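Novice: Now for the letters of each chain:
There are 2 protein chains.
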Amino acid sequence: MASSAAAVVAEADGEEVTNRQVILKRYVTGCPTVDDMEVVAGAVRLAVQPGSAAVLVKNLYLSCDPFMRTRMTRHSEPGFVPDYVPGKVLDTCNVSKVVLSGHPDFKPGDLLWGVTGWEEYSLIPNPVFCHRINHHEFPLSYYTGVLGVPGLTAYAGLFEVGKARKGEYVFVSAAAGAVGQIVGQLAKLTGCYVVGSAGSDHKVNLLKTKFGVDDAFNYKKELDLNAALKRCFPHGIDVYFENVGGAMLDAVLRNMRPRGRIAVCGQVSQYNLERPDGVDLFQLVGKHIRMEGFLVSEYAGEYYRRFEEEMARYLKEGKVVYVEEVAEGIEAAPAALVGLFAGRNVGKQVVAVARE
Amino acid sequence: MASSAAAVVAEADGEEVTNRQVILKRYVTGCPTVDDMEVVAGAVRLAVQPGSAAVLVKNLYLSCDPFMRTRMTRHSEPGFVPDYVPGKVLDTCNVSKVVLSGHPDFKPGDLLWGVTGWEEYSLIPNPVFCHRINHHEFPLSYYTGVLGVPGLTAYAGLFEVGKARKGEYVFVSAAAGAVGQIVGQLAKLTGCYVVGSAGSDHKVNLLKTKFGVDDAFNYKKELDLNAALKRCFPHGIDVYFENVGGAMLDAVLRNMRPRGRIAVCGQVSQYNLERPDGVDLFQLVGKHIRMEGFLVSEYAGEYYRRFEEEMARYLKEGKVVYVEEVAEGIEAAPAALVGLFAGRNVGKQVVAVARE
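If you read the sequences in order, they're chains V and E.
Per UniProt numbering, residue 1 is the first one in the first sequence, and the count goes up by one each step.
Per UniProt numbering, residue 1 is the first one in the second sequence, and the count goes up by one each step.
Keep in mind that the hints were calculated from the coordinates and are not lab data.
It cannot be assumed that every hint is accurate.
Copies of the same chain look alike in the list, so a pair counts if it fits in one copy or across any two.
With a Cα cut of at most 16 Å, we get these calculated EDC-like pairs of lysine to aspartate or glutamate [as the list claims (entries may be wrong)]:
#1 Lys230 to Asp214
#2 Lys230 to Glu77
#3 Lys287 to Asp250
#4 Lys287 to Glu77
#5 Lys208 to Glu356
Note that the structure is a prediction, hence the values are computed from the model and not measured.
Okay, chain V solo, but in the shape it has when bound (with noise of 0.2 Å):
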């Protein structure tokens, strides 16, 4: 392996290309606009140093996910990863194309989902968070959604942390989105009741025609979030997949049943507030509610490849459908990641940087 793989190595001086980056102008307060972060032209030399592990890649297609948000902001203590500086490249799980690779396990043409800049070339020193893509008979933005993190955070919350069995009462918030949309069908796969909640009317109608789950609403023209939920869910909900926080959290503890789970994968709603909403936790102790956040990473490895099959499988079956919606051009990345927090999006939204 490490001598075919030393024959891929360019030299060290190779060409020097323009390399277009999305980097974070300032820390951001409140709801981040366009103007939070630049496109700037870069420069990148088509190189990795003989010797070293780097692998030097093309990206494909970006990942706008919610949680970028919460990188923005300046804090006090690290987090679960590190938060974005001002001047540097934004990061996130994204699609690429091996250009040279001083690594045995990646060889130039190889397609990869990992973590990679917002930028038209990433040089990844030690490709750690680096994975071949195994099946390419679905369209490789898949892989920054359905296949990837999102897909896997609908399925390791779900079955993992939320532990849904068959008809049990799932709810699901943010529901027509890059994880929602997934968690919905798996549930109904499962044999769950599912009730999903969206921003628009349109996104409402696509949860129940094209999702298949048994009802939604739209939280927007829902007066009162806990009469939607007693309306949809008479008998009360068993899990509920978190996404958004804030009221609706309020209003689903409220509507739990006894030993109730939550599943904890994003709260949307309270990224760009300065103090968090009041949530009624009392909530928890009368009905024995379990309510438990969760890392993606937790379930990579084995885990992982076990889930991209049969995830693979639903899709080649039409047992999943999925739904994204694709910006075109780099440059349009920071009004794509910025449409995320007015629910601009149907689906997961991508950027595509370079089409292969």
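Using the hints provided, position chain E relative to the given structure of chain V.
Specialist: Same frame as chain V, now just chain E:
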């Protein structure tokens, strides 16, 4: 059994005696005051209906519990215990002595603990929530505390919900209270590193000297709860036994270790608020924290009996000590209850209605 029970049933036209009762005068907003309650002189006939399974008891010790506050507000939806009703007597889990019984399991003179009214005599139509007191070698009032609901709450919360294990870092708030004092001692017996918080220097001193925790702090003297927890737990917290909510919970969430557990027993800082304080629940995600409520009623029956024997052994061996504060006479009950919210009590707050 049935025939001997029948022999002790008084006639239906027994003597009528005064029965002083603590009633809720009005629904409470904000912090409860003694004026929200009233001690009234009712009357009770010392009799049980022939053929009924009712029990008439004389109350000896009344239990003052912080969560009684949550029952003093009218809720639009039923909770896990009914709201109190203006004009009606309060109730909690108290210690009483059987005066008359139509029930085959109880006879006059039996000492019980279980749900009765805040009154001198209670007629219990169906004593399903009453249990015989098995250990007479301790003060009877202990069955409102260390051998009753608070003790069982501490035990089940720490071990069944919090899953505390030897060598782990355990934090308990309201650590000198009815439940907290037991939590800290049980955690120490398990081989945990234990820190407690309380609201006075006297209580902090008690925690360190009498209850034997490793460290303690007065939360009212800490300008920054986050910093206080960092000082006490440089390696973070594995298990948090949650009694207070609000700002303390928010600070704890920042200091939990990966896979930490929060056993939610109560949230005394929140009961008097119109809207709950905001807490950064997104912290649950990054460290896969589990937050779980529980009800002591789940651990009744055989579980309780095992607990009772274990705790009685600890008390006899001096491995657990117990502190209570006894207010004298039913007239003192409203002030004793209100005092909980000002932190006036040290240890369990009890009201002695009669001594037997």
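Novice: Now look at each hint and say whether the structure bears it out.
Specialist: Hint check:
no., hint, verdict
1, Lys230 to Asp214, "within (15 Å within a copy, 47 Å between copies)"
2, Lys230 to Glu77, "between (40 Å within a copy, 11 Å between copies)"
3, Lys287 to Asp250, "within (14 Å within a copy, 22 Å between copies)"
4, Lys287 to Glu77, "between (34 Å within a copy, 13 Å between copies)"
5, Lys208 to Glu356, "neither (34 Å within a copy, 67 Å between copies)"
Of the numbered hints given earlier, the model fails hint 5 alone.
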